[in-house]
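Residue numbers (the working numbering), protein chains in the order written: chain P, 1 to 250; chain E, 1 to 285.
The set of hints was computed from the structure by calculation and includes no laboratory data.
For every residue, glycine included, the Cβ atom is placed at its ideal position computed from N, Cα and C.
Mixed in with the good hints, there may be bad ones.
Label-pair restraints from in silico Cβ distances [said to hold, decoys possible]:
1) E:Leu33 x P:Glu59: 49 to 55 Å
2) P:Phe57 x E:Ser99: 16 to 22 Å
3) P:Asp142 x E:Met115: 41 to 47 Å
4) P:Gly41 x E:Asn96: 26 to 32 Å
Calculated pairs, BS3-like style, for lysine-lysine (alpha carbon to alpha carbon, straight line, at most 25 Å) [said to hold, decoys possible]:
5) E:Lys179 x P:Lys78
6) P:Lys31 x P:Lys3
7) P:Lys137 x E:Lys279
8) E:Lys162 x P:Lys94
9) E:Lys179 x P:Lys94
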Amino acid sequence: MSKPIIQVKDLSIFYGEKKAINSVNVSFSEKQVTAVIGPSGCGKSTLLRSLNRMNDFVENLRVEGEVLYKDQNIYAPKIDSADIRRQIGMVFQKPNPFPKSIYKNITWGPQINGYDFDPDALVEKCLKRAALWDEVKDRLDDSALALSGGQQQRLCIARAIAMNPEVILMDEPCSALDPKATSRIEDLILDLRNRYTIIIVTHNMQQAARISDETAFFFDGDLIEFGDTKEIFTNPVEEKTEDYITGRFG
Amino acid sequence: MTTKERRMKQDMLFRWCCRIVTFMALGVLLVLLSHIFSQGFKWLSWDFINSYPSRFADQAGIKSAVWGSIWVISFTAIFSVPFGVATAFFLEEYSNSNSKFVRLLQINIANLAGMPSIIYGLLGLTLFARGIGLGGSVLTGSLTLSLLILPVIVIASQEAIKAVPNSIRYGAYAMGARKWQVIVGQVLPAALPGIMTGVILSLSRAIGETAPLIIIGALSYVAFTPLGPFDDFTVLPVQIYNWAGRPQEEFHEIASAGIIVLLAVLFTMNLVAIMIRQKFQKYRM
Ligand SMILES: Nc1ncnc2c1ncn2[C@@H]1O[C@H](COP(=O)(O)OP(=O)(O)OP(=O)(O)O)[C@@H](O)[C@H]1O
Ligand SMILES: [Mg+2]
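Next up, chain P with everything else stripped away, as it sits in the complex (with noise of 0.2 Å):
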């Protein structure tokens, strides 16, 4: 096992009262993907954007603990959070590509950051790394909306890879997509794991177990187990581990 980049400490999230996330441990090793699955609800997604402060325009959220990036607390005072999402970028569930040419996608988040860049070859590589290129290549200037489901999705994978992140964080990001689609993503998530670490929530679990290093599994907003994927998936040892797995419920 890498070593860890992020490191969860007693984290625990609050809607108003309501407890999302409950005092987790749980640290993501570089370079590797490690897969968030359990139940809806059980705060898979709360957690994911707790991690690169995404949960900071959510109403009535509050956020007790600490995260570690690279040994940092996003969460101390001082910290921007801005700065946090430069270095961890996101995909999210629906597809949402800006309203604007499929060049700019890419171009617009380096711009605004004022990155040094040539823009031609930061699209063509990103495009390249998001296994988009080819399709689109004879039409960047075209709208990003007239692309289907799935090649907007990894545009928004290769909009993330533009900012040149270290983890990009996935929230179901197959779920709106057909399965052809579905596994063009996750042969580009395979693709992408020697250069990014990739935290990813799905529901499919045997996405998790094709893609994954490692897996952890909530359930009602505890980290009920983590570790090596294929002993999760082959070897659990938790009993409510091996039932949502073996599709007992959730």
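Following the hints, position chain E with the ligands against chain P.
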């Protein structure tokens, strides 16, 4: 009669009702237009557009009114658009919509949008014409019309901003954007077609306003074009109103000719609105 037949009958009945009502409205409009055109068309000429008003109908023209309208509407746009759009962004993106103050503000804006325009005229007279001594100038006229259309611009812009899905904002934040970058770089361009439509529709309304401008003292006989914002002026609808009130039949006819010019201006503005919308709607949501 089976249920299916009855439903189909109802469907047809409803369709015909809609059709008849539409044609009735169109019919009234057509009668109005044909009346105006039959009266005014023969007076339309380059001389008519390029002459100052006169005591003699056959020498009268609308040059001063056309230029007055252009001056007033340009300044109205300069005053109202930045304020209106900025207010809409403040209300939608920055203010806390649950606060009592903001809700009060919102209700007031909605009420202001429905206020009779003559009241704005009285306000303009007190505040701009007399209060700060601008008199019956282009500035007074355009400031008054700006107040008049500001609420409509605010509301239309708010609707356009609301229509931008939050997923776009979150996507932008996830790229490390700051709030102003999200607003200027994503929300504004996405909302622009809607904002533009609202702006041009309210400017079209302003260009047709008569009452508030008469109140603030727009002149009806102006034998010059304004050279600056502090000059006196008249506008198309005031000129038309003046001619229409004269006893002689010829003046009624040139009033119709003036209406045709005003309609042409409005038509052009709406055309521009559509073109702008088309251009920006390349990236439809
Ligand atoms: N904005 C919110 N306000 C209040 N409660 C919320 C909010 N978002 C989520 N919750 C609650 O927090 C709990 C965890 O939600 P979360 O969205 O993290 O679950 P999830 O595991 O991602 O579920 P799913 O698999 O359905 O996406 C749920 O009980 C949910 O009802
Ligand atoms: Mg979720």
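| said: Flag every earlier hint the structure violates by its number, smallest first. | reply: Nothing - there is no hint that the structure violates, so all of them hold.
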